[in-house]
Amino acid sequence: MADMMKQASQFIQALPHAKALGMELEELDSGTAAISMPYSEDIIGDPDTGVVHGGAVSALLDTCCGAAVMSHPSNPAGTATIDLRIEYLRAATPGQRIKARATCYHVTRSVAFVRATAMDEDEEVPVAMATGTFTAGNGK
Amino acid sequence: MIKRPEPVQIVKQRRDSVLRALVGRVPYINFLGVTFERRGDELTAIMPFKDELIGNPLLPALHGGATAAFLEVTAIISLSWGMIWEDMESGALEIDDIDNIALPRLPKTIDFTVDYLRSGLPRDAYARARITRAGRRYASVYVEGWQDNRDRLFAQATGHFVMPKRSS
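These protein sequences, in sequence, are chains X and R.
If you're matching positions, the first sequence starts at 60 in this note's numbering and goes up one per residue.
If you're matching positions, the second sequence starts at 583 in this note's numbering and goes up one per residue.
Quick caveat, the hints were computed from the structure, so don't treat them as lab data.
Glycine included, every Cβ here is placed at the ideal spot set by N, Cα and C.
A portion of the hints provided could be inaccurate.
Claimed, not checked - Residues of chain X clear of chain R, computed beta-carbon distances all greater than 10 Å: (1) M64; (2) N134; (3) P135; (4) T140; (5) R144; (6) E146; (7) S169; (8) T176; (9) E183.
Unchecked claim - Subject to a maximum C-alpha distance of 30 Å in a straight line, what follows is the list of computed DSSO-like cross-link-like pairs (lysine-lysine): (10) K78(X) <-> K594(R); (11) K78(X) <-> K65(X); (12) K690(R) <-> K78(X); (13) K632(R) <-> K690(R); (14) K594(R) <-> K65(X); (15) K585(R) <-> K632(R); (16) K585(R) <-> K747(R); (17) K690(R) <-> K594(R).
Produce the complete structure using the sequences and hints provided.
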């Protein structure tokens with residue numbers, strides 16, 4: 060398991076966009092993943108409040124969903140997003156780290172079904188929730 | 583006496599500087615490297631390719647998150663631009679001081695759904711938004727993203743937004 064974490068962690072570090080946003084893998088288990096991202100002035104979307112842009116949260120959720128698919132016991136060779144819907148429940152508090160947690164509920168021969176949430180330090184209400192479908196397996 | 587129309591250069595300069603002010607104050611747009619081109623009131627967003635946008639280094643392909651962010655940025659700026667346009671044209675928007683234009687708050691995303699139609703190539707990407715409904719409180723937007731061929735979209739998206747309160 061520690062080995063799998065290390066490998067997955069290196070994998071995420073090898074994704075240039077994930078690296079640019081400072082993403083770090085926190086947990087990985089069969090079909091679930093947790094990835095966090097630090098607050099940074101570069102990703103501010105609302106200059107009046109300093110709240111991060113929804114797009115950066117999308118990138119975090121997308122990466123986390125992909126990691127959950129890859130860690131699924133069906134062991135898909137690769138994955139790509141087919142569709143991702145994000146709901147923004149509230150503004151993330153400026154200055155706080157955002158952590159996403161994704162679960163891959165089912166994988167067919169070609170499709171993986173995933174849900175994820177993004178939280179800041181206040182874990183009562185998520186910042187955002189995501190529902191996505193991803194490709195799974197070798198076929199396109 | 584008929585009022586003479588303003589010289590075209592002045593009109594263009596005003597529109598371009600307002601657009602620059604709108605886009606320039608969002609750090610994340612700069613982080614992605616996204617710029618906007620204007621033809622009249624129509625905007626086209628451009629995301630020049632750079633390594634930091636890659637999600638799959640083997641293909642290589644654009645990161646799904648970068649694509650989503652690009653389309654969301656296009657939707658928000660296009661919505662805001664549509665709001666500002668009337669005030670700018672009527673002269674209601676104070677723009678004597680280009681560095682301190684009192685722009686309205688940005689719309690807030692309620693939800694955003696991206697359809698990934700084909701993998702994003704390591705090339706520049708373009709996007710245009712169509713505002714399908716612009717109410718006082720809520721707006722619906724459809725965005726198309728393409729790369730080499732306008733007719734072969736690599737992603738499309740729809741989203742709902744809460745519009746900022748207006749003073750008038």
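For each hint, the structure was consulted:
1. The claim that M64(X) is not at the interface with chain R holds, since no C-beta of that chain comes within 10 Å of its own (minimum 20 Å).
2. The claim that N134(X) lies off the interface holds: its Cβ sits roughly 18 Å from the closest Cβ of chain R, which is beyond the 10 Å cut-off.
3. Chain R leaves P135(X) outside its interface by the beta-carbon criterion, the shortest separation being 14 Å against a cut-off of 10 Å.
4. Consistency note on T140(X): stated as away from chain R, yet its beta-carbon is not over 10 Å from all of that chain's, at 4 Å minimum.
5. The non-interface label for R144(X) is inconsistent with chain R: the shortest C-beta to C-beta separation is roughly 4 Å, within 10 Å.
6. With 10 Å as the threshold on Cβ separation, the claim that E146(X) sits away from chain R is violated: the shortest Cβ distance comes to roughly 5 Å.
7. Distance check for S169(X) against chain R: the nearest CB is about 14 Å away, which clears 10 Å, and the non-interface claim stands.
8. With a least CB separation of 14 Å from chain R, T176(X) remains clear of the 10 Å interface cut-off, as annotated.
9. Its beta-carbon lying about 20 Å from the closest one in chain R, E183(X) satisfies the requirement of being farther than 10 Å from that chain.
10. Distance check on the hinted pair: K78(X) and K594(R) sit about 39 Å apart at the alpha-carbon level, beyond 30 Å; violated.
11. Simply put, K78(X) and K65(X) have alpha-carbon atoms about 15 Å apart, close enough for the 30 Å limit, and the pair holds.
12. With a C-alpha separation of about 26 Å, the suggested pair K690(R) and K78(X) falls inside the 30 Å cut-off, and the hint holds.
13. As the CA atoms of K632(R) and K690(R) are separated by approximately 27 Å, the hinted pair is consistent with the 30 Å bound.
14. Straight-line distance between C-alpha atoms of K594(R) and K65(X) comes to about 54 Å, which puts the hinted pair past the 30 Å bound.
15. Straight-line distance between C-alpha atoms of K585(R) and K632(R) comes to about 48 Å, which puts the hinted pair past the 30 Å bound.
16. For the suggested pair K585(R) and K747(R), the alpha carbons sit about 34 Å apart, so the restraint of at most 30 Å is broken.
17. Under the criterion of a C-alpha separation no larger than 30 Å, the hint pairing K690(R) with K594(R) is consistent with the structure, at around 28 Å.
The structure shown violates the earlier hints numbered 4, 5, 6, 10, 14, 15 and 16.
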